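K.L.:
Dock the two chains into a complex; use the hints.
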Amino acid sequence: MKEIMKNREIRNKILIIIGAMIFIRIGSVIPLPGINTDYMKTLLSNSGLTFFNMVTGNSFSQMSLFALSISPYITASIIIQLLTVVFPSLEELSKDGKTGREKLEKYTNFVGIGLAFIQSLFMAIGFGGRGLFSVYTWWMVLIMTFTWTVGAAILMFIGNKITKMELGNGISYILLCNILSTFPGDIFSLYEVFMNGKTIPYQIVNGMIIIILLITLVSACVILSLSERKIPIIFSGKMNGFSPKQDLPIPLNTCGVMPIIFSSSILSLPILISSFFPDLIWLSETSKYLSQNQWFKPESIKYTLGAFIYILLTYFFTTFYLNVNFNTIEMSNNLKAQGAVIPGIRPGKPTAEYIEKISTKIAFVGTTFMLIIILSLNAICNISGIGTLSIGGTSILICVSVVVDSSKVLKTMIQSSKSRTYYMTKKENTTSLFSTNRSKV
Amino acid sequence: MKKIMKTIKFPNRKQIINTTMLVLLSMIIISTCIFMVDTGILKIYNLFI
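Chains as they are written, first to last, in the working numbering: chain G, 1 to 441; chain Z, 1 to 49.
Extracted from the complex, chain Z is given alone in its bound form (with noise of 0.2 Å):
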């Protein structure tokens, strides 16, 4: 395990920090969006039912 390890190639930290960010805005942007729909919707359907 130790000898395979040792030759994986891992990311630097940069990669890191930037990509994690990227991920973390893009959930929550995404996430956000679509509570937004989410509650939208759901607020038309109750005003027509």
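Chain G on its own, in the form it takes in the complex (with noise of 0.2 Å):
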């Protein structure tokens, strides 16, 4: 902590970021005008959108002008990722390197513009008409939709901003910021189920339970964030000091919390359009198999069917996202390059395919890991009846992730400034003693 105080750029940076997220609080907090909360509280609470309200801090159930925060820009993502698939010219442009990878950002936020807008028009026209709006007019749909999107719009640029300061990913500290905001008043719904109005020894063991229950699902993610597969590599040559064995580590966490994301998306998805046409049985229906308040419940039982849903869903994207962003060839390359062999592995085409099989493996272990920390967390919740909670698995994974990835950015910044600082006070130092020696000579 001192060493980021004395450390001006990293403060300056700090700072920033606390400023942005300051202002993203006053954008998702205050109401716009003509706007019915209430509305939206109700259909929050028999609804299966509180996935959808946490990764939006709180701004859905209150429909202020983030609404949608960055809902839009991970759908965006998604399907520019699918894209990338299915056209060859995409394809090469998430391998084309820091350029190529830069065009490809730019169409996530053009296609989450997109979203945003009709995701905003439907949500106007969808809940305007049912009470969502004090007026409902087709000027005041229009002037909402544009809000909205604008909102949605001016996130993606801040989280971008925030991305290009290089101290992690932005869009990860606003979902950070998002998921957080929401944790106090969950912690009130704990306190009013399990510790109001029960006896003074009844409330301290109810505590102990729920504090327990937190740091444990706290340290089982800390524990898949920090595990990882160690792959024996060798340098050939002299290494002018450093060991010729070495270890290329493949985290057990190797696709993040992104499947997590990507699949709690794609079932939140149904459930959002479901709000839009409550008449419509079926699709209600089927939205409570999709809804995660709904599963493990013992006297609705048969929606846990959703939970395979899901879990497939989560298998899926972990094949796919190692598949897009894990680039084995490159690796293999790259160790080729540096005269790095994986000892009984031939370099080139074999080594790529090894590193391949390992981490198809290890990312698969990892899924199945995080799997269980969020279904059995959402299992314990929805049995004892507290389903609406957003401290679930997933949050709390999303929430140690971005911890655990800051500090070690933060980390290494600080050694990289340290080591700046080392050489250029060794530069003066040399400078200033030859120049003491010129003016003796």
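Please keep in mind that the hints were generated in silico from the structure rather than gathered at the bench. Any given hint could turn out to be false.
Quick list of simulated restraints, FRET-style, between CB atoms [to be verified]:
#	chain 1	residue 1	chain 2	residue 2	range
1	Z	29	G	198	24 to 34 Å
2	G	146	Z	46	46 to 56 Å
3	Z	2	G	249	17 to 27 Å
4	G	89	Z	29	39 to 49 Å
5	Z	15	G	82	33 to 43 Å
6	G	118	Z	46	27 to 37 Å
7	G	327	Z	15	26 to 36 Å
8	Z	46	G	302	41 to 51 Å
9	Z	29	G	129	39 to 49 Å
Because the structure is a prediction, the values reported are computed rather than measured. Where a beta carbon is used, it is the ideal one built from N, C-alpha and C, also for glycine.
P.N.:
This is the structure:
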């Protein structure tokens, strides 16, 4: 902490991020004029949109400027990544280094804004006529559609700007801020359900159980984030004092939380659509299967079938994300260029195939571990009757991943800044020594 | 599965405790700050409306 405060560059960047988050909160908390927020609260208590509301940081329930938050961006990135498999030109872009990735990011933003417009229009028409707007007219629909689209575009812009500051992913920071904004409300709900009006020993026992569960959950997520499979590599030639034997680490959580976010977003889309058409009974019944709040409930156990769709989707996105983002051929080429080999494996294609085989196995173990954490907590919450909470496996996993990644980035930045300062001081000393000697001569 | 699990290097107890504490502290501090900011914004908003 002291080192962060000492470093002016990092301190300024952190202050900018804090400023951006305060701005986002202003746009998320203040409801727009002409909006009936009670309608949204009733809708959220009856539907399975808790995850969607959590991703938007309660701004969906407030129907504020940032009502859609970064959800269109998440959907857009899923679409663009799916398209990279279909269109070879997009696949080339994804493998074209920094320039290609920047172009893909541009496309994702455009698709995100398009999706935000469509989603806003559907929301304005679907919810507006049912009591969301105090006055339901075509210009009100138009104004709200425009406002929500602009809100989503502003968040994408802020997210991208934070990413460019090289202090971690901006969209992840916004997501973390949104998730954590729902926690105080959840803690209050937990207090209301398990402690309010109970005797003191009962309150202490319940409080202890909740704290132990939270610590266990965070620890499990930490283990998942820090575990890795080390592939031994040997460097040929001289290593200038370094050990010729090193490891190529493949994290257990290779794909991060992206498969979980993707599958949860895909599942919440039909639920959102069904809330536009409450008269369609088949659609609302189908959406109950997809709602995480309905799974594992003893009184409606049939809806647990939706959990299997969730599991299948998560495995699908794990494979997919691995194929698109984990470039084993590039890794193999890099190893070859550095003169490194995996013992017993020939360089080039066999190395790429070996890394792919190992990473696929590791990623599947990681995803299984992640699903166990998420679904077991979901079962505990739904069976004990606190299913509408947003503190869940997915949200905690996202928080752990973002905090662990950010601390790694901060450590690296502090280290590089330290070494830069060291070399600058050394250079200055050498120069001054040289000039002193010269003046003596 | 067992074979794969054997090859994975899990973090040691110290690493787990340190990171868990870091995550929990960050979560508590950030959510408290956000709660205070939200409450402040709403109070100011209600003053003007």
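K.L.:
Now tell me, hint by hint, if it's right for this structure.
P.N.:
Against the structure, the hints come out as follows:
no. : hint                          : verdict
1   : 29(Z) with 198(G): 24 to 34 Å : holds (29 Å)
2   : 146(G) with 46(Z): 46 to 56 Å : violated (26 Å)
3   : 2(Z) with 249(G): 17 to 27 Å  : holds (21 Å)
4   : 89(G) with 29(Z): 39 to 49 Å  : holds (45 Å)
5   : 15(Z) with 82(G): 33 to 43 Å  : holds (36 Å)
6   : 118(G) with 46(Z): 27 to 37 Å : holds (34 Å)
7   : 327(G) with 15(Z): 26 to 36 Å : holds (29 Å)
8   : 46(Z) with 302(G): 41 to 51 Å : holds (45 Å)
9   : 29(Z) with 129(G): 39 to 49 Å : holds (43 Å)
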